[in-house]
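A.B. asks: Given the structure of chain A, go ahead and fit chain B onto it with the hints provided.
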Amino acid sequence: MQMLLLTTIAAYLLSTAGYLAFLFLQRKPLRRGALALLGFGFAGHTVLLVAGVVTSGHLPVNHLHGTLLVAGWALTGVFLVIYGRYRLPVLGVYAASLALVILIAASLSPSVPAADKGLFNSFWLISHIAAVFLGDAALALACGIGILYLLQENAIKSKHHGFFFRRLPSLDRLDAAGYACIAIGFALLTIGLITGFAYAHAVWGRFWSADPKEIWSVITWLIYAALLHQRLTVGWRGRRSAVMAIVGFAVILFTFLGVNFLLKGHHGVFTGQ
Amino acid sequence: MGSLPDSDQTNAVNLAPGNPRILLMGLNHQTAPVALRECLAFSPEETETALEALIHRPCIREALLLSTCNRVEVVVTCDDPARAIADLEGFISDFKHIPIDEFRSSLYRYVDNDAVRHLFRVASSLDSMVVGEPQILGQIKAAYGAAIHRRASGVILNRLLHRTFFVAKRIRTETGIGDHAVSISYAAIELARKIFGSLEGRRVLLIGAGEMAELAVEHLIRHRAGEILVANRTFAHGVSLAQRFGGQAIRFEEVEARLATVDIIISSTGAPGFVVVPAQVSAVLRHRRNRPLFFIDIAVPRDIDPRVNRLSNVYVYDIDDLKGVVEENVQDRQQEALKAERIIDEAVLRFSQWRQSLEVVPTIVALHRKLELIADAEIKKTLQGSKPPDEAALKRMATAMINKFLHDPTQILKGDGHRGNRQELLGLLQRLFHLDTP
Chain A
1 MQMLLLTTIA AYLLSTAGYL AFLFLQRKPL RRGALALLGF GFAGHTVLLV
51 AGVVTSGHLP VNHLHGTLLV AGWALTGVFL VIYGRYRLPV LGVYAASLAL
101 VILIAASLSP SVPAADKGLF NSFWLISHIA AVFLGDAALA LACGIGILYL
151 LQENAIKSKH HGFFFRRLPS LDRLDAAGYA CIAIGFALLT IGLITGFAYA
201 HAVWGRFWSA DPKEIWSVIT WLIYAALLHQ RLTVGWRGRR SAVMAIVGFA
251 VILFTFLGVN FLLKGHHGVF TGQ
Chain B
1 MGSLPDSDQT NAVNLAPGNP RILLMGLNHQ TAPVALRECL AFSPEETETA
51 LEALIHRPCI REALLLSTCN RVEVVVTCDD PARAIADLEG FISDFKHIPI
101 DEFRSSLYRY VDNDAVRHLF RVASSLDSMV VGEPQILGQI KAAYGAAIHR
151 RASGVILNRL LHRTFFVAKR IRTETGIGDH AVSISYAAIE LARKIFGSLE
201 GRRVLLIGAG EMAELAVEHL IRHRAGEILV ANRTFAHGVS LAQRFGGQAI
251 RFEEVEARLA TVDIIISSTG APGFVVVPAQ VSAVLRHRRN RPLFFIDIAV
301 PRDIDPRVNR LSNVYVYDID DLKGVVEENV QDRQQEALKA ERIIDEAVLR
351 FSQWRQSLEV VPTIVALHRK LELIADAEIK KTLQGSKPPD EAALKRMATA
401 MINKFLHDPT QILKGDGHRG NRQELLGLLQ RLFHLDTP
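So the sequence lines, in the order shown, correspond to chains A and B. So for the first sequence, the numbering used here puts the first residue at 1; every next one is plus one. So for the second sequence, the numbering used here puts the first residue at 1; every next one is plus one.
Okay, chain A solo, but in the shape it has when bound (with noise of 0.2 Å):
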C-alpha cells in the first residue's frame, strides 16, 4: 500500500511538473503527458481508496489519513470531469498541485481510527460523505478557475497583457466552467448538508445541535446560494462571481480544517480531532 501511495504522489507530482511546464513552454506534447499522468495517478489513488474501503469495512474517513485520501480523489476525479467538459489545462496546475499537496499531506497523517466503526455504516453518512467531498472539490475547482478568471480580467482591463493573456482561456469559456462547478459543488453540497441532517438524526435523535461544523456549513451553503440567486436573478458574474467563488472556498477551507483544529464538536468524534 506504501508503495502505491508513493507512486500516486509521484504521479501526481510529475503532473503538476508537467503542467507547469505546459504553463511556460505551450507545447501539446507536454499538456498531453501531464493529463496521462494525473490519470495515472488518479487510478492508483482509486486502488488506495477502494482497499481502505475493503480493509475497514467503510469509506475510510474515520482518521484525517482517511479523510484527506477522500478529498484529494474527489478533487482529481472532479477535475478530470470538468477537463473533458471545458478544456482548462492551465487549471491542471492548480488541480494537480492541490492534489499533490492533499495526498502529501494525507501520507504524513495518522490513520488511527478515532471513532467506533459502527457509527460509520449507515446509508445517510456514506451519502453524506461523498455528497460533501465531491462538492467540495467542485468548489474547490470554482475557486482555481476564479483566480485564472480574475488574472484574465486583469490583464484585459489593464491592457498590460503579460505573462497570462495569451496562456488563459476566454473570459467567457472560464466563466462558464465556474458556473458548472459552483452549480455542481452547490448541488452536492446540498445533498450533503440534508443526509448530514438525516443522519445526525437517527443517531442523536436531533436534526440539529449548533455543532460549529454544522454552523459554519451552513454559512457555506448560504454564501453559495446567494451567489447562484444573484447569478439567475440580475446576472451577477464574470468578476464579482469569481471574487464569491474564491472567498467561498476560503470558508470551506475554514470548515473543512479551521473548525477540526480550532473548535470543538461533535465532527470532532470522526476527525479525532
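Read the hints as simulated data drawn from the structure, not as lab findings. Backbone N, C-alpha and C define an ideal beta-carbon position, used for all residues, glycine too. Don't take each hint at face value.
[Claimed, not checked] Covered by chain A, per the in silico footprint, the following chain B stretches (three or more residues, Cβ under 8 Å): (1) 187–194; (2) 306–313.
[Said to hold, decoys possible] As a list, the in silico DSSO-like pairs of lysine-lysine whose alpha-carbon atoms are at most 30 Å apart: (3) A:K28 with B:K169; (4) B:K339 with A:K159; (5) B:K323 with A:K159.
C.D. replies: Just chain B now, with coordinates in the frame of chain A:
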C-alpha cells in the same frame, strides 16, 4: 569593379569554374529612403520587360526581379559576379534613368550562400519592416511567376525558389513568427476572442465608418459574428455600408438603446466629443444581465469615454491601447525570429550541397558528346563503301570505336607512370568501370 563584398571569399561553396554563381543585389527599407525606393520600383509590366532584357545580356544567365513597396531586389546567376554587378548597376540606371551614384551606396550585394540566405530571410519575413508579415511570400511567388513567364529562370533559380518557398512555409509552421496580431484591426479581434471565446452569433454595432473599422467588421464576419448594425450620421451612407456587410442600418439616435443588445461596438466617427459616456452604459448593464460588452474605439479624438472601461464586464480599447498590444506582439515575434534563423542556416547549407553536386553534370554531358562523335564518325566511315557492310566490316568498326574511346585514357595511364600516381589512377579506373583485375 571593386564593389564585390568580402563575403565572397568567406563563402563556403567551393565551386568549380563554369558552375554559375548566384548574385543578389538590391535595396530595402533599411538601406534606402522611400523617395529612392519609389524611383527604382518596377511595375509588373516593367518587371517583365526588364527580365526580358536582362537574360539577353551576355554576363547574365538567369534572372528574377522582386519589387515591393519596401524593397527592390534582383537575383541572377552569372559566371563573374563582379562583372554582373557592374552590368546590373548600369542596367538599372539606364532603365530607370537615374545616375548610378544616386543609388549605388544604398545597394547591398550578396554572392552565393549569402545571396541564398538573404532570399530565405526575405521570404520568411525576417527582413521585413514588420517581422512576420505574411504578404512578402506572395510577392516573391508573383516575381517568380513573372520570371517563369519570361523564361528567365533556369535550373539554379528554379531550385532556389522552390527551396525558398519550402523554408518560408516551414518557418511559419514551426515558429511563432506569424502568431499574434500585428495589425490594429486584427489585434482587436484577438481581444474580442479572449473576452467572448467564440465570436459566433455575437452582435456587432459599427458607429461611423473608416477603413480600419470596416476591416475589423470584415474580420468579425469571417469569425461568423451575428447581426451587424451600422449607425451613421448620414443615414444613407449607413444604409450602403450595412448592405455591404449584410447588416442593418440604424439611426444615430438609436445607438444608446441598442447598447442593451449588442456585444461588440466598433466606433470610428469624426465627432469632436464622446459619443458614448459611462451613464449610458451603466444604464443598460442590468438589462444586459451583465453580459460583457466590448468597445473598440478607433476614432481620434476618442468616441468612447475611457471611464466606461471602469464598469464591470465592460471593456474599452482605444487606438493607443491597440497599438500597445501590437507592440507587445511585435516583440514576441522577434523572439521567434531567432528560431527561424536556425532553420535558415540549415537550409542554406543544404542548398550549397546541392549546388556542389551540380558540378559533375557538365563533365558527364561532355563525356557523352565525345563518345557520340566518335561513334558517328565510325558509322559514317563504315557506310561509305558501295556494298552493305558485312560482319567483318562491323567488327572492324567496333574495334576502331573501342580504340578511339580508350586512346586518351590509355595515353594518360602510360604517361603518368613516371609521376607516381599510377596506382591511384588504376584504382579509380577499376572502380569507375567495375573491373575485376588481380
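A.B. asks: Each of the hints needs a verdict: does it hold here or not?
C.D. replies: Verification of the hints:
With 3 residues having a beta carbon nearer than 8 Å to a beta carbon of chain A, the region 187–194 of chain B meets the requirement of three or more and the stated coverage holds. For a cut-off of 8 Å, the count of residues in the region 306–313 of chain B with a CB near a CB of chain A stands at 3, and the three-residue condition holds. Only pairs whose Cα atoms come within 30 Å are accepted, and K28 of chain A paired with K169 of chain B is accepted, the gap being roughly 21 Å. With a CA separation close to 28 Å, the supplied pair K339 of chain B and K159 of chain A stays within the 30 Å bound.
Using a Cα cut-off of 30 Å, the hinted pair K323 of chain B and K159 of chain A holds, with the two alpha carbons roughly 11 Å apart.
Checked against the numbered hints above, the structure violates none of them.
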